[in-house]
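Student: One letter stands for each residue in the lines below.
2 protein chains.
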Amino acid sequence: MGAAMDEQKAGSTIAVQAGAVAPRTKATSYPEPFASRMSGRVKRQLGDLFGLRNFGVNLTTLLPGGESSILHRHSKQDEFIYILEGRPTLVTDEGELELAPGMCAGFPAKGIAHQLVNRSDTAVTYLEIGDRTPGDEGTYPKDDLVASQDADGRWTYRHKDGRPY
Amino acid sequence: MGAAMDEQKAGSTIAVQAGAVAPRTKATSYPEPFASRMSGRVKRQLGDLFGLRNFGVNLTTLLPGGESSILHRHSKQDEFIYILEGRPTLVTDEGELELAPGMCAGFPAKGIAHQLVNRSDTAVTYLEIGDRTPGDEGTYPKDDLVASQDADGRWTYRHKDGRPY
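Sequence order for the protein chains is Z and U.
The C-terminal residue of the first sequence carries number 364 in my numbering, and the numbering is unbroken.
The C-terminal residue of the second sequence carries number 364 in my numbering, and the numbering is unbroken.
Extracted from the complex, chain Z is given alone in its bound form:
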């Protein structure tokens, strides 16, 4: 064995216990009335912690009643989830499926619309991965919402008739 390595070294993080990472302080970028629906969601931004740029990895907790997002699909970015704890319901525009620990699901760009909803009485924890292909748009088949990303990756939201929120 070589020399022991501190978990924190020269300002760069090598490895951490994911659950010990501080939650993201900004709860959501959604406008109301959608932002309030995210109150049962806590995200820990694991990928950013290590300086990853090409994709994001979050450890996300959904309290009972919590939702992962508004039902949506991306135009360019892929998404992947892996369930660690609890039994969320995967809601899509083609039906629903209860997930369990050790299950995973993937959502290619322009695929089915999707969200996770925690209809159980215990917390759900999962990993979510999404890439950062620029120029992405989000479409929301059940809500009056359209999202687009600017050059810095920030989401802006409009009504479907074009009015800003």
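Don't take every hint at face value.
Identical copies go unnamed one by one, so any copy, or any two together, can satisfy a pair.
[As the list claims (entries may be wrong)] Within a straight-line C-alpha distance of at most 25 angstroms, the following computed DMTMM-like cross-link-like pairs (lysine to aspartate or glutamate) qualify:
no., residue 1, residue 2
1, K275, D335
2, K242, E231
3, K309, D360
Just so you know, the hints here were simulated from the structure itself, not pulled from any lab data.
Put chain U on the given structure of chain Z with help from the hints.
Tutor: Using the frame of chain Z, we list chain U on its own:
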């Protein structure tokens, strides 16, 4: 609750138990003598199963003595790992660290060189994520190996003096 949804639908996979996915049949693209070192490694390609293109997600098992890869870094692609079971040793060119379930690590392009080695007597299972930014190269600080990806993402390997394997 809406209509029940089959896990397999119209040829596209919605969600699966990750451990039930068939392992990749090609064990490694490394040339010898490196290929034989990967005999204790089993990869289940979860992202590909769902048609994801922008990044790959594997559920990887390392048997006792197994290695995740040769010690390496990427020039353009980021990597991330999340430990599900077992206690692998994270070996880098800056030291070593034993990992445990619930720990994660990230390796930005051009960062520290890294590999996982299972020095324990029980299997290690982890998720590994890597993006597919084109034109990537792999460098191997401890071995006589240089890797580059062609336009289709296939790796080709050379000795450090340029000779092919």
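Student: Confirm or reject each hint.
Tutor: These are the hints, each one checked on the structure:
1. K275 x D335: Classified as both: same-chain Cα gap 5 angstroms, cross-chain 21 angstroms, threshold 25 angstroms.
2. K242 x E231: within (19 angstroms within a copy, 43 angstroms between copies)
3. K309 x D360: Within. Shortest intra-copy distance 21 angstroms satisfies the 25 angstroms Cα cut-off; inter-copy 45 angstroms does not.
Consistency note: the structure conflicts with none of the earlier hints.
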